[in-house]
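Q: Based on the provided sequences and hints, a complete structural model is requested.
Protein chains: 2
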Amino acid sequence: MQAGKPILYSYFRSSCSWRVRIALALKGIDYDIVPINLVKDGGQQYSKEFETLNPMKQVPTLKIDGITITQSLAIIEYLEETRPTAPRLLPLDPKERASVRMISDLIASGIQPLQNLSILKKVGQETQLAWAQAVISSGFKALESVLQSTAGKYCLGNEISMADLCLVPQVANAERYKVDLSPYPTITRIYKTLLTVEAFQVSHPSRQPDTPPELRA
Amino acid sequence: MQAGKPILYSYFRSSCSWRVRIALALKGIDYDIVPINLVKDGGQQYSKEFETLNPMKQVPTLKIDGITITQSLAIIEYLEETRPTAPRLLPLDPKERASVRMISDLIASGIQPLQNLSILKKVGQETQLAWAQAVISSGFKALESVLQSTAGKYCLGNEISMADLCLVPQVANAERYKVDLSPYPTITRIYKTLLTVEAFQVSHPSRQPDTPPELRA
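Same order as they appear, the protein sequences are chains A and B.
So the first sequence is numbered by numbering that gives the first Met the number 0: it starts at 0 and just counts up by one.
So the second sequence is numbered by numbering that gives the first Met the number 0: it starts at 0 and just counts up by one.
A couple of the hints might just be wrong.
Computed cross-link-like contacts, DSS-like style, restricted to lysine-lysine with a CA-CA straight-line distance of at most 27 Å [to be verified]:
no., chain 1, residue 1, chain 2, residue 2
1, A, 94, B, 4
2, B, 39, A, 94
3, B, 26, B, 191
4, A, 94, B, 26
5, B, 121, A, 62
6, A, 39, B, 177
7, B, 120, A, 140
8, B, 140, A, 47
9, A, 140, A, 177
10, B, 120, A, 177
11, B, 62, A, 140
12, B, 47, A, 94
13, B, 152, B, 191
14, A, 140, B, 47
15, B, 94, B, 121
16, A, 191, A, 152
17, A, 62, B, 94
18, A, 120, B, 120
19, B, 39, A, 140
20, A, 120, A, 191
21, A, 121, B, 140
22, A, 4, B, 94
23, B, 140, B, 94
24, B, 177, A, 121
25, A, 120, B, 177
26, B, 121, A, 121
27, A, 121, B, 120
28, A, 120, A, 39
29, B, 62, A, 94
30, B, 121, A, 120
31, B, 140, A, 120
32, B, 152, B, 94
33, B, 94, A, 47
34, A, 177, A, 191
35, A, 177, B, 121
36, B, 177, B, 121
37, A, 26, B, 94
38, A, 140, B, 121
Everything labelled a hint here was simulated from the structure, so no lab data went into it.
A: The structure is reproduced here in structure tokens:
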């Protein structure tokens, strides 16, 4: 590993890791990946070594510029503030920034945490699929309504923003949990459009160093 | 209600509403409160009228400067960007800003959503207290570890920041759910210090227009 190159601790299937991988790809930041397998060995995030790096025992975790940052949106905001060159991940207008953060937080606080791996484990194997479907559907109903007034080609107008970095991995989770997406035409349209963008493709769970062969694109 | 005055849709006991009430108090912003009772009438947040305002059917929701913002951290970031005068809620240094956002998101995405009212309802009455205690304790273990390297008088050094606005309401929730706080001396110390600050006192759940008489300070 080259000294000074950012290191992303990531799991191919982690939707929060994917958010950060998209940001790094959009900004053209070269980085190394250290895969943390969230299921193997009872979960590699629970190792003492990793806990020292991130006491929450979660990915993503980014080492960059001499510091370690956890929490995907905090990482993305840091990348934006220190590498503001195009493409911007947040618009310049404060009201538009509020919209981007509102959509991002709706997903990052309002949907994802309720269907992540550790919660589904707590819920129990029998009911976890129904649980995941219920929380995602409920969140998507709200998100669809919000996007109908903010969206252009993307979540906010016609520029890719942090909100899109949250949307795509969340829709991928919805597909994985077999959520019926037909009631959410705006979400689905933006998702499909974004999957054609290179930064979303190279960062895709099917194309990571730790993607198992049977799931590779 | 005076035209142009911000309107906060709030519930006295909502920890996310409290975050925003602290921000408004610190910034000295005069506002009106419209109470949304999350339990009465099956939950006033589920009314058609409120759903139009916030499709997530959650408080806080803030009407300000001609727009409606939901999601507490998006609201606080907007207040900071449009009213940056002292006290700042985020430091100027990007690395310090990353720390503040990391701590804020640890609470706002990593703890609070897992113990909010609608999730506890889903979990069921018999196990909800144990569930809330488990998710808060697990999050506080990580938070205590993070704060041991960031804290001064407050969460980050000696200036109040957005992280403190998240910490105090979360500790109040922990107390409500009878979480043993003895393993978290840094969290507890900062909490007690902040409770002596006027902006945290006037915004306290025990002093809101919708606080029931028996819970009033």
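Q: Each of the hints needs a verdict: does it hold here or not?
A: Hint by hint, here is what the structure shows:
The hinted pair formed by residue 94(A) and residue 4(B) meets the criterion: a straight-line CA distance of about 17 Å does not exceed 27 Å. Of the supplied pair hints, the one linking residue 39(B) and residue 94(A) is violated, its CA atoms being roughly 33 Å apart against a limit of 27 Å. Restraint check for residue 26(B) and residue 191(B): satisfied, since their Cα atoms lie roughly 21 Å apart, inside the 27 Å limit. Between residue 94(A) and residue 26(B), the direct Cα distance comes to roughly 18 Å. Compliance with the 27 Å bound is thereby established for this hinted pair.
Proposed proximity of residue 121(B) and residue 62(A) is contradicted: the alpha carbons are some 37 Å apart, above 27 Å. Taking the CA atoms of residue 39(A) and residue 177(B), the gap is about 34 Å. The hint is violated against a cut of 27 Å. Restraint check for residue 120(B) and residue 140(A): satisfied, since their Cα atoms lie roughly 19 Å apart, inside the 27 Å limit. Restraint check for residue 140(B) and residue 47(A): satisfied, since their Cα atoms lie roughly 14 Å apart, inside the 27 Å limit.
For the given pair, residue 140(A) sits about 16 Å from residue 177(A) by alpha-carbon distance, which is consistent with the 27 Å threshold. Straight-line distance between C-alpha atoms of residue 120(B) and residue 177(A) comes to about 24 Å, which keeps the hinted pair within the 27 Å bound. As the CA atoms of residue 62(B) and residue 140(A) are separated by approximately 22 Å, the hinted pair is consistent with the 27 Å bound. At roughly 25 Å between alpha-carbon atoms, residue 47(B) and residue 94(A) fall within 27 Å of each other, so this suggested pair holds.
Taken as a hint, the residue 152(B) and residue 191(B) pair is honoured in the structure, with Cα atoms around 11 Å apart against an allowance of 27 Å. This hinted pair checks out: residue 140(A) and residue 47(B) have alpha carbons roughly 14 Å apart, not beyond 27 Å. Taken as a hint, the residue 94(B) and residue 121(B) pair is broken in the structure, with Cα atoms around 38 Å apart against an allowance of 27 Å. Taking the CA atoms of residue 191(A) and residue 152(A), the gap is near 11 Å; set against the 27 Å cutoff, the hint holds.
A hinted pair counts as satisfied when its Cα atoms are at most 27 Å apart, and residue 62(A) with residue 94(B) qualifies at roughly 12 Å. For the given pair, residue 120(A) sits about 18 Å from residue 120(B) by alpha-carbon distance, which is consistent with the 27 Å threshold. Distance restraint check for residue 39(B) and residue 140(A): the Cα-Cα separation of roughly 23 Å lies within the 27 Å cut-off, and the hinted pair is therefore satisfied. Distance check on the hinted pair: residue 120(A) and residue 191(A) sit about 30 Å apart at the alpha-carbon level, beyond 27 Å; violated.
Restraint check for residue 121(A) and residue 140(B): the C-alpha separation of about 18 Å stays at or below 27 Å, so the hint holds. Pair hint residue 4(A) plus residue 94(B) holds up; C-alpha atoms about 17 Å apart against a cutoff of 27 Å. Distance hint between residue 140(B) and residue 94(B) is fulfilled; the C-alpha atoms sit about 23 Å from each other, no more than 27 Å. Restraint check for residue 177(B) and residue 121(A): satisfied, since their Cα atoms lie roughly 20 Å apart, inside the 27 Å limit.
A C-alpha spacing of about 24 Å is found between residue 120(A) and residue 177(B), which places the hinted pair at or below 27 Å, so the restraint holds. In summary, the hint linking residue 121(B) to residue 121(A) is supported, as the alpha carbons are separated by about 13 Å, within the 27 Å threshold. The straight-line distance between the Cα atoms of residue 121(A) and residue 120(B) is roughly 15 Å, inside the 27 Å bound, and the hint therefore holds. Between residue 120(A) and residue 39(A) the alpha-carbon distance is near 15 Å, which keeps this suggested pair within the 27 Å criterion.
Pair hint residue 62(B) plus residue 94(A) holds up; C-alpha atoms about 12 Å apart against a cutoff of 27 Å. The hinted pair formed by residue 121(B) and residue 120(A) meets the criterion: a straight-line CA distance of about 15 Å does not exceed 27 Å. Distance restraint check for residue 140(B) and residue 120(A): the Cα-Cα separation of roughly 19 Å lies within the 27 Å cut-off, and the hinted pair is therefore satisfied. At most 27 Å may separate the alpha-carbon atoms for a hinted pair to count; residue 152(B) and residue 94(B) meet this at roughly 19 Å.
Distance check on the hinted pair: residue 94(B) and residue 47(A) sit about 25 Å apart at the alpha-carbon level, within 27 Å; holds. The hinted pair formed by residue 177(A) and residue 191(A) meets the criterion: a straight-line CA distance of about 17 Å does not exceed 27 Å. Taking the CA atoms of residue 177(A) and residue 121(B), the gap is near 20 Å; set against the 27 Å cutoff, the hint holds. Of the supplied pair hints, the one linking residue 177(B) and residue 121(B) holds, its CA atoms being roughly 20 Å apart against a limit of 27 Å.
Between residue 26(A) and residue 94(B) the alpha-carbon distance is near 18 Å, which keeps this suggested pair within the 27 Å criterion. Taking the CA atoms of residue 140(A) and residue 121(B), the gap is near 18 Å; set against the 27 Å cutoff, the hint holds.
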